[in-house]
Amino acid sequence: MEAKTRDLWVLIETNEDGSAKNVGLELLTPGRAMADKQGGALVAVVIGHQIDGAVKAASEHGADKVIAVEGAEYQHYTTDAYSTALVSLVEKYGPTSMLIGATNNGRDLAPRVSCRLKTGLTADCTALDIDAETGNVAWTRPAFGGNLMATILCPNHRPQIGTVRPGVFKKTPPCEGKAEVVREDIHVDAKDIRTQVLEVIRDLDSEKVDLEGADIILSGGRGVGGPEGFALLHEVAELLGATVGASRAAVDAGWIAHSHQVGQTGKSVGPKLYIACGISGAIQHLAGISGAKIVVAINKDPDAPIFDVADCGVVGNLFEVLPVLAEEIRKSRT
Amino acid sequence: MNIVVCVKQVPDTTEIRIDPETNRLIREGVPTILNPFDGYALEAAARIKDKAPETKIVVVSMGPEQAKAALKECLAIAADKAYLVSGRSFGGSDTLATSYILSQAIQKIEETEGKFDAVFCGKQAIDGDTAQVGPEIAEHLGYPQVTYGLEAEAVENGLQIKKEVDDGIEMIGVGLPCVVTFTKPSWDPRYPTIKRKMAANRAEIPVLGEDAFPDMDTGMIGLSGSPTHVKSTFVPPKKSGGIKIKEESDDLSAQKLFSFLSKGGFV
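Read top to bottom, the protein sequences are chains B and F.
The numbers in our numbering rise by one with no breaks, and the one at position 224 of the first sequence is 224.
The numbers in our numbering rise by one with no breaks, and the one at position 197 of the second sequence is 197.
Hint data in this document are derived by calculation from the structure and do not stem from the laboratory.
Wrong hints could be hidden among the right ones.
Stated by the list, open to error - Lysine-lysine pairs mimicking DSBU-like chemistry, simulated, CA-CA at most 35 Å apart:
no. : chain 1 : residue 1 : chain 2 : residue 2
1   : B       : K170      : F       : K256
2   : F       : K263      : B       : K293
3   : F       : K244      : B       : K293
4   : B       : K118      : F       : K81
5   : F       : K49       : B       : K191
6   : F       : K244      : B       : K300
7   : F       : K162      : B       : K272
8   : F       : K115      : F       : K49
9   : F       : K68       : F       : K162
The structure presented is a predicted model; accordingly, all values stated were derived computationally and were not measured.
Make the full structure from the sequences, and use the hints.
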C-alpha cells in the first residue's frame, strides 16, 4: 500500500491490567528522532483493555498522538484480535513506518500484519536509523547467531515495519504529556478469534526476572557448578541491584528456571552492565547480549570466547572473586 | 492426522568463524545441519504419531539440491515423505516471498498427499533468526497460528499446544487446520534408527521446481518479489580496549574489578 502520511508508529504493547509494557515506551525514544527526520508525527498505538494508564504513559514519554483501541477481547493477547485491529488502523491512517517490540507477542503479531499488508518486515533490530540517501528506515540486526550484522531496507513498500529488541533503547524521563488521543472503535467477534487460552501458568518468580528491563544483569553459566552457586549470584545481585540471568547450559542442567535464560533460546537483553560468571560465551549466548553496553566476564579459562567481547575480563575463580567483590561493595557503603 | 513440517538446512552457526585478516565470515568447511528448531517441530509431530500411528508426516524444504540431506535426516528420524522446493527464481527471497512459495508448495503437495491438518515449523532458523516464515505461511493460508510451541497434543477438535510466553506457560486450544511453530522443549528429539537411516538413504525425494507452479505470482518471489533488501553487512566491531585482570590472587583481581565497576558508577 501507499503511505498516506509521513507518520511513524510505535505499537505500545499492554499488560493484562492495561498498563504499558516497557519496550513500547522505550521505542518512543528512537521513534522521536526517526519521525523528525521523516518529517512526520510520532504516533503511539495502544491496543488493550482498560488502557488509560498506557495511553497516559505513551503521551508522557513523547508521543505526539495516541491511537487507542479498547475492548475486553484485547485483554489477553491473541493473534487474530490484535492483527485485525492493527491492520485496519494501518489501512485507515497509512503510516510510513512502524516499530513493534520484539517480545514473544510482538514477533507473533508483526509477521502476520506485514504479510496481510504485503509489506516488508525486519526482525529483532538492535539499531535504527534513517538512510541518508533514500530516506528509508535502515534496520540493523544480528544474523548468523550474532556473527554478522545486516542493515536492511524496505524501499518500495509501506509501511516499513520492524521488530526491535527490548532493552536496546531507554525510555525518556516522563514529561507532561500533550498527545492528542484518538479512540477507534474496532471490535472482533469471539468466533473470529480462533485460538483459546485454556490455562495460564505464570512463572512463580517471573515478577523478579525482568531481564529485558534490567540495568544490570549478573549471569551464571556452567562454571557456577550448581544451584548453590546461583545462591551466591543472587546474593551479589542483590547488592548490585542486578537481575540474575543464566546461560543455556545452566538452565538445561536444571540449576535455575528458564525464565532467567539469556541468549538465542532465551531472552535478548540490553543492560548497561552485563556480568557473565562462569559463562564460556557460546555464540548463541553472545547473540543475546549484543545490546549490552558494558560486559564484564569472570572465568577460570583465559581462552574462553566470552573474553573476546568483554570490556573487562577477570581470569579467576568466580567463587573467590564474587565474595571479595561483595565485601568491597559492602565496605564502600559503610 | 496429516501433518506437514517445514524444515531448512542451515550452516551450523556455532562453527562459523570470522577471518581475522578480511573480517569476513568463513563459510567454507562450515557443516550444514537441520535447523534445530525444525527438529523440535518434527519431534512434536512424531510424538503425535507415537500416540496415533495412522498419522502421516510430510516434510518440505525450500533450498538447493544439497538440502536433500536435511530432508533425508528427517526421513530417518520420523517423516514418511519428503519434498524439496527448488528453483533458480526462488533464490534471494526474503521471508515474505519464501513464505509465499512455501504456502504454494504446501497446497501443491496436498494434491498428492491429501489435505494437511496442521503445518509445523521451527520458531526460527538459526542463520536468519527472523521467526517470520511460520506466521507468514499461516497468513498466506488463512490459518490460525500458535507460536513458541513446546509440545502439541491431538485432541478431539484440534490441537492443544503448550506455549512459552514471556512470563510463563500457556495452554492454547486451536482448531484445524492451523500453523504451529516450535521452540526448544525440555526433552531432546529422538535419534534415527539404523533401519530408518538406510531406508531414508534410498528414498526418492520429489523436487518441485518453477514448472510445478503454473499459477504462482512471479511478482511475489525471488529477489524482485521481496520487499526487503540487504543494504550492507558487517562484522560487529570487536570490543577494543577491553581490559584483562589477572592478578596474583583472586582477591586482588576482585579488588581491581571493584574499582572498574566503581569508575563506571555501578557500585
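Hint-by-hint comparison with the structure:
1. K170(B) to K256(F): Holds: K170(B) and K256(F) sit about 29 Å apart, inside 35 Å.
2. K263(F) to K293(B): 15 Å, holds
3. K244(F) to K293(B): 17 Å, holds
4. K118(B) to K81(F): At roughly 32 Å apart (the allowed maximum being 35 Å), K81(F) and K118(B) satisfy the hint.
5. K49(F) to K191(B): 30 Å, holds
6. K244(F) to K300(B): At roughly 12 Å apart (the allowed maximum being 35 Å), K300(B) and K244(F) satisfy the hint.
7. K162(F) to K272(B): 34 Å, holds
8. K115(F) to K49(F): 17 Å, holds
9. K68(F) to K162(F): 31 Å, holds
Of the numbered hints given earlier, the model fails none.
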